[in-house]
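K.L.:
The listed protein sequences correspond, in order, to chains A and B.
Numbered according to numbering that gives the first Met the number 0, the first sequence terminates at residue 312, and the numbering increases by one at each position without gaps.
Numbered according to numbering that gives the first Met the number 0, the second sequence terminates at residue 506, and the numbering increases by one at each position without gaps.
Keep in mind that the hints were calculated from the coordinates and are not lab data.
Computed from a predicted structure; not experimentally measured.
Nothing false has been slipped in among the hints.
For lysine-lysine, the following DSSO-like pairs were computed, each having C-alpha atoms within a straight-line distance of at most 27 Å:
1) B:K175 / A:K84
2) B:K102 / B:K215
3) B:K215 / A:K84
4) B:K444 / B:K455
5) B:K366 / B:K334
6) B:K486 / B:K215
7) A:K84 / B:K116
8) B:K334 / B:K467
9) B:K341 / B:K366
10) A:K84 / B:K167
11) B:K215 / B:K167
12) B:K167 / A:K53
13) A:K53 / B:K116
14) B:K398 / A:K53
15) A:K53 / B:K425
16) B:K175 / A:K53
17) B:K456 / B:K328
Pulled from the structure, derived: some chain A residues nowhere near chain B, Cβ distances all over 12 Å:
18) Q58
19) Y64
20) A217
21) G219
Simulated DEER-style distance windows between Cβ atoms:
22) B:T353 / A:P59: 35 to 45 Å
23) B:Q210 / A:R174: 29 to 39 Å
24) B:T353 / A:A48: 32 to 42 Å
25) B:A128 / A:S140: 49 to 59 Å
26) B:A128 / A:F144: 40 to 50 Å
27) A:R174 / B:A69: 44 to 54 Å
28) A:L29 / B:W80: 39 to 49 Å
29) A:P85 / B:K398: 28 to 38 Å
30) A:M149 / B:A128: 46 to 56 Å
For each residue, glycine too, the CB sits at the ideal point set by N, CA and C.
Residue-level listing of the chains:
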Amino acid sequence: MSSFLTRRLATIVPTLLFVTMLIFGLQQLLPGDPAVVLAGEDRDPNVVAYLQQKLHLDQPLPIRYLYWLGGVLRGDLGESLRMQKPVTALIAEKLPVTLELAAIAIVIALVIGIPAGIVSAIAKGTAWDYAANAVALWGLSTPNFWLGIMMILLFSVSLGWLPASGYVSPFEDWRGNLAAMIMPAFVLGNAIAAVLMRHTRSAMLQVLSSDYVRTARAKGLDERVVVLKHALRNAMTPIITLGALELGTLLSGAVLTEQVFTIPGFGKLIVDAVFNRDYAVVQGVVLFTATAYIALNLLADIAYFLVNPRLRG
Amino acid sequence: MTITRLTRGFGAALGLAAVLASAPMQAQTLRFGLAEDPDVLDPTLARTFVGRIVFAALCDKLFDIDEKLAIVPQLAQSYAWSPDGKALTIKVRPGVTFHDGEKLDAAAVKFNIERHKTMAGSNRRGELALVTGVDVVDPMTARLNLSAPFSPLLAQLADRAGMMVSPKAAQAAGDKFGANPVCSGPFKFVERVAQDKIVLERYPGYWNKSQIFLEKVIYLPIVDATVRLANLKSGQLDFIERMAPSDVAALKTDSRFKISKITEIGYQGITMNVGKSELAKTNPIGRDPRVREAFELALDRDGIVQVVMEGEATVGNQWVAPDNPYYAKNVPIPKRDVARAKALLAEAGVPNPTVTLMTPTTSDAQKIAQVVQAMVKDAGFDVKIQSTEFATSLDLADKGQYEAYVLAWSGRADPDGNVYSFDACKQPLNYAGYCKQEIDDLLNKSRTAGDLAERKKAYDQIAAVVLKDRPIVYLFHRHWLWAYTAKLSGLRTIPDGLVRVQGLKFN
Chain A
0 MSSFLTRRLA TIVPTLLFVT MLIFGLQQLL PGDPAVVLAG EDRDPNVVAY LQQKLHLDQP
60 LPIRYLYWLG GVLRGDLGES LRMQKPVTAL IAEKLPVTLE LAAIAIVIAL VIGIPAGIVS
120 AIAKGTAWDY AANAVALWGL STPNFWLGIM MILLFSVSLG WLPASGYVSP FEDWRGNLAA
180 MIMPAFVLGN AIAAVLMRHT RSAMLQVLSS DYVRTARAKG LDERVVVLKH ALRNAMTPII
240 TLGALELGTL LSGAVLTEQV FTIPGFGKLI VDAVFNRDYA VVQGVVLFTA TAYIALNLLA
300 DIAYFLVNPR LRG
Chain B
0 MTITRLTRGF GAALGLAAVL ASAPMQAQTL RFGLAEDPDV LDPTLARTFV GRIVFAALCD
60 KLFDIDEKLA IVPQLAQSYA WSPDGKALTI KVRPGVTFHD GEKLDAAAVK FNIERHKTMA
120 GSNRRGELAL VTGVDVVDPM TARLNLSAPF SPLLAQLADR AGMMVSPKAA QAAGDKFGAN
180 PVCSGPFKFV ERVAQDKIVL ERYPGYWNKS QIFLEKVIYL PIVDATVRLA NLKSGQLDFI
240 ERMAPSDVAA LKTDSRFKIS KITEIGYQGI TMNVGKSELA KTNPIGRDPR VREAFELALD
300 RDGIVQVVME GEATVGNQWV APDNPYYAKN VPIPKRDVAR AKALLAEAGV PNPTVTLMTP
360 TTSDAQKIAQ VVQAMVKDAG FDVKIQSTEF ATSLDLADKG QYEAYVLAWS GRADPDGNVY
420 SFDACKQPLN YAGYCKQEID DLLNKSRTAG DLAERKKAYD QIAAVVLKDR PIVYLFHRHW
480 LWAYTAKLSG LRTIPDGLVR VQGLKFN
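All chains, full assembly: derive it from the sequences and hints.
P.N.:
In C-alpha cells:
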C-alpha cells in the first residue's frame, strides 16, 4: 500500500509542474497586452508602464513564470488587478456558489433522468417510452443559453414567479437562494438528465431481460420489487460512474449558465478574467481546477486500490 | 404506479417554484442594473465608464456638468481663474464632510490632487499633467497652479480627477482604498461582492441631503441586455442603463415603465490607419485621402442609424454631436454621393479598392461593419470584415496592424477629451497614426484659449483640416437609453450617461 501510494504521489509532482507550465504558457498565447487592456479606455502610457512593471511584463517569460511559481508555492496565487482582491479570496468566495449550483443540478438530473429511464424501460414501445425519448432528445439538443433565456422570459417576465438572475446567499435567505438557483440548476441539469435517462433505459432493458429477473418474476414477486429492488440496483453501477464523469460537464456548463443568469460563480469569474486579461485570476482558477481534478483522480485510484485486491499484489 | 408518482413529483416541483416567488420590494431602495462590472472603486485608479456610474452616487466632485454640458460647482462653492490662466482658485463648499466624518477643506483638496498626481498606477496623472502644485490659501480656499493655461481643467475636475476622498481613510488604506472607499457623496459604501453587487446606503451627513430621497442603492452588473431588461420587467430591478435599442418599441407601450434618453458625448466611428505603421502606405485607404473621402461619401449615416441602432442615435460627422456648442458648422454632415465616390476612386486609380475592416465582436460593432460593407460596395469598395476579440483588436490597433477599425469612444464633457488624444501626434489613443504640426498647434491653442468663442474658432479650424484628412470617419452618437419603473421620478438626463441619484424618488 505504502509503496503504491509513494509511487502515485511521486507522479503527481511532475504532473502538477507540467500543468503550471501549460497554464502559464497557454495564457501567454492570448493576444493583447494585459497592461493595455487593464489600463482602461484612456490607456495612459504611464499607467500602462506601471502595470507592465507590476505584472512583471517587462521581464522575460521564464522569469515571469518563476515569479508566479514562487508565489504559488507560498500559497499566493497573486492578486486580481481589476478587482484588487487576492485570487485565493476570490476562489474561496466563488467556489461555494458554483458547487451549490452543480449539486442542485445533479439532484435535478437524477430526479428527472433515472425515473424517466426506468419508465421508458418498463413501458418500452408505449407512448410513455416515446415521450420520454423525445424529451431526452430535446434535453440533449437544447443549447444552455437559449433554454436559460426562454425560462427567464417565461418564469420571470411573464409569470413573475422567479427572479430573472442574480444570487442570494443561502445563509441570508434560503428561499431567495433556492428561487435564484432553481432555473440555472434546471438548465444545467437538463442535459445531464437526458444522458442519464438514455443510459438508465438501456441498462434497465439489459438487466430486465436477464435470467435472474425472469427467476424473480417466476417466484411470483411483485413487479415493483422486481424493478426497483432487483433490476435497478444492478443497472445503477454504470450510471453512478457516468454521473461522476458528468461532473466535468457540469463545471464547463456552469460557465455559460452563470453568464446567462449572472451568477457570481467560478464560470463567470474565469470568463470575465479572460476578457479583461486578468492573468492572475485565469492562472489561479485554472490551476485550482486542475489540482482538484488530479486530487479526485488520486482518491479514485486509492479507492480502486482498496476495492480491487489484484492491485495490492 | 411509478408514472403517477412521477407526475405527482413534477407537480410538486412546479408548486415549489411558485411558492418561491420573489420577495417584496423594499421601499426607497433603488436596484440598478449595470451593463458591466465596475473596476476598482478608487477615483485615482478607476479606469472604466461603468465605474463612473457608481461614483455618481458615492463620490462628489469639485464640479459637475448639467444637462447642457455647462460646468457647475459641486464641492467647490465658487472658482476664479487668474488673468494669465495659470492658476485656478477654488473656494471649498463649507459644511461638507466625508463618510467617516472628516471635514472637507482646502488641505483635503490639496491631498486629493497630489494623490491623483503621485499615486502609483494613477489614471488621473495625465489629466492633471499641467497642474504643478496646490497651495492652501486659507482653510477653505485652494489654488491649483498650472505650468500653462489649460481650459479643459474644469471639465477634468468635473470627473474623477475632481473627486475628493477622505485623506484620513486614504492614508490608512493605501492602495487598498478601493476595497472600502470613503468619499463625500450622497451614499456611502456598504459592501461589494465582485461580479455580483455593490451596496450603498444614504449618508445622513450629506451636505445636500434635502435632495436625497432614497435609502439604499444597489448596483447589480448584468452584462446581457435581454437579461437586464427581463429583470426590470419581473421587478427584480428598478432601473437599467444601456437598454438595447431594439427593446424600446415594446417597452414604450408598457405603462409600468418609463424610458429616458439623451445623446451621448462620445461617438461611434471608423478609425483609419493613415500613418501608424508601414501598412498605411501599402493600402489605398491609408495612403490616399481621396479613397477615404470616397469611403465616407458612400455612407448613408441615416441608414446606418436606422439599421444598426433602430433610430436610437444621432447622426454626426465630428467628435462632438451636432447640438454641441463646439460642433464645427463649417464642416456639415456630407450627403451620400455614390457617383462622386466612384469618380474619386477613378481619380485615385483604384476603382475597386479592398479594405480590411477590423471589428470588435460586440453586436453593435458587427452590425455597423456589415451595413458599412454593403453601402460602400455600391461605390466599388470590397470590404473584408475581420471580427476580432476586443483586447486583441486593441493590440493590433496599437501596433498599426490594421487598415480600418470600428471603434467607439465614451466621450468627455470637454471636446479636448474627444479629440486631443486621438489626433495630436504620438498620443496614446492616436491609433490612426495621424500627425500634423498645424493640428498640434491648433489643439494646443484650443487648450490655452480662455473663452468659448476663441476655443470654438480653434476647433473650427481643426475640423476643417482633420475631417478632410479623415483619420477617423465619425458615424453617429448613440442615445443613452435608460428604462425604469414608472414609480421612479426625478431623473435628470445628462449627456455623460451617468445617473445622478440626487432628486430620484419612488412615488
